[in-house]
Amino acid sequence: MAFLLTASLAVGITANTAHADGKAAVFEFELQHGELVPGVPSKKEAEDKRRAMVTERLRAHLANSGFDLVNTEPFAEKAAAANLQACGNCADDFARELGADYAFTGVVYKVSELVLSMSVLVHEAATSRPVTSATVDLRGNTDESWQRAIDYLYRNVLSARLEKLKK
6 MAFLLTASLA VGITANTAHA DGKAAVFEFE LQHGELVPGV PSKKEAEDKR
56 RAMVTERLRA HLANSGFDLV NTEPFAEKAA AANLQACGNC ADDFARELGA
106 DYAFTGVVYK VSELVLSMSV LVHEAATSRP VTSATVDLRG NTDESWQRAI
156 DYLYRNVLSA RLEKLKK
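Every number in this note's numbering is 5 more than the matching position in the sequence shown, counting from 1.
A portion of the hints provided could be inaccurate.
To be verified - Cβ pair distances, simulated, as ranges:
#, residue 1, residue 2, range
1, 118, 57, 17 to 23 Å
2, 73, 117, 18 to 24 Å
3, 37, 147, 14 to 20 Å
4, 61, 161, 15 to 21 Å
What the hints assert, rightly or not - Cut-off 16 Å, straight-line C-alpha distance, at most; resulting in silico cross-link-like pairs (EDC-like, lysine to aspartate or glutamate):
#, residue 1, residue 2
5, 28, 148
6, 48, 35
7, 115, 148
8, 83, 52
9, 48, 148
10, 28, 98
What the hints contain is simulated information worked out from the structure, not anything from laboratory work. Backbone N, C-alpha and C define an ideal beta-carbon position, used for all residues, glycine too.
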């Protein structure tokens, strides 16, 4: 299954490594999509499981590379109620309150059952300054395509850029 068309970086690394100590708050991925089509069954339950799966995979990648993860559970309800991509840097505020240096947010944009894209955005919690972001297009709304997308984003795009943040 060909799921990957492009990978692109929206913003390059801008963080000063003198300020980085590698504490990361990784918030649960969000899903943004158009209106449901009448007569087409919802896949919300499966997509909620996929969002949790890619969030945990990103956390595992970061932990395995040496980042210290902070527990985001105290803000899980607030984060779920907010649109982290458009809430005026609320994820950065949450991360700062949790003692993290970086806020990681992710979103999957669902155009259709066939066409989706996945983005990961990283900000400095203290300043809300963008550190980096990466986006990949995927084909197919399946567990496998979502897993491959997050693994590709981390392995081929984020890992090298985030290495500069660790002490």
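Outcome of the hint check:
Checked against the hint of 17 to 23 Å, the pair residue 118 and residue 57 passes, with Cβ atoms roughly 20 Å apart. Evaluation of the 18 to 24 Å hint for residue 73 and residue 117 yields a failure: the beta carbon distance comes to about 38 Å. In this structure the supplied range 14 to 20 Å holds for residue 37 paired with residue 147, their Cβ-Cβ distance being about 18 Å. Distance hint check for residue 61 and residue 161: the Cβ-Cβ separation is about 20 Å, which falls inside the suggested range of 15 to 21 Å.
Straight-line distance between C-alpha atoms of residue 28 and residue 148 comes to about 28 Å, which puts the hinted pair past the 16 Å bound. For the hint pairing residue 48 with residue 35, the CA-to-CA distance comes to about 14 Å; that is within 16 Å, so the pair holds. About 14 Å separates the Cα atoms of residue 115 and residue 148, which keeps this hinted pair within 16 Å; it holds. Proposed proximity of residue 83 and residue 52 is contradicted: the alpha carbons are some 20 Å apart, above 16 Å.
Between the alpha carbons of residue 48 and residue 148 the distance comes to roughly 12 Å, so the proposed pair stays at or under 16 Å and holds. In summary, the hint linking residue 28 to residue 98 is supported, as the alpha carbons are separated by about 14 Å, within the 16 Å threshold.
In this structure, the earlier hints numbered 2, 5, 8 are contradicted, and the remaining ones agree with it.
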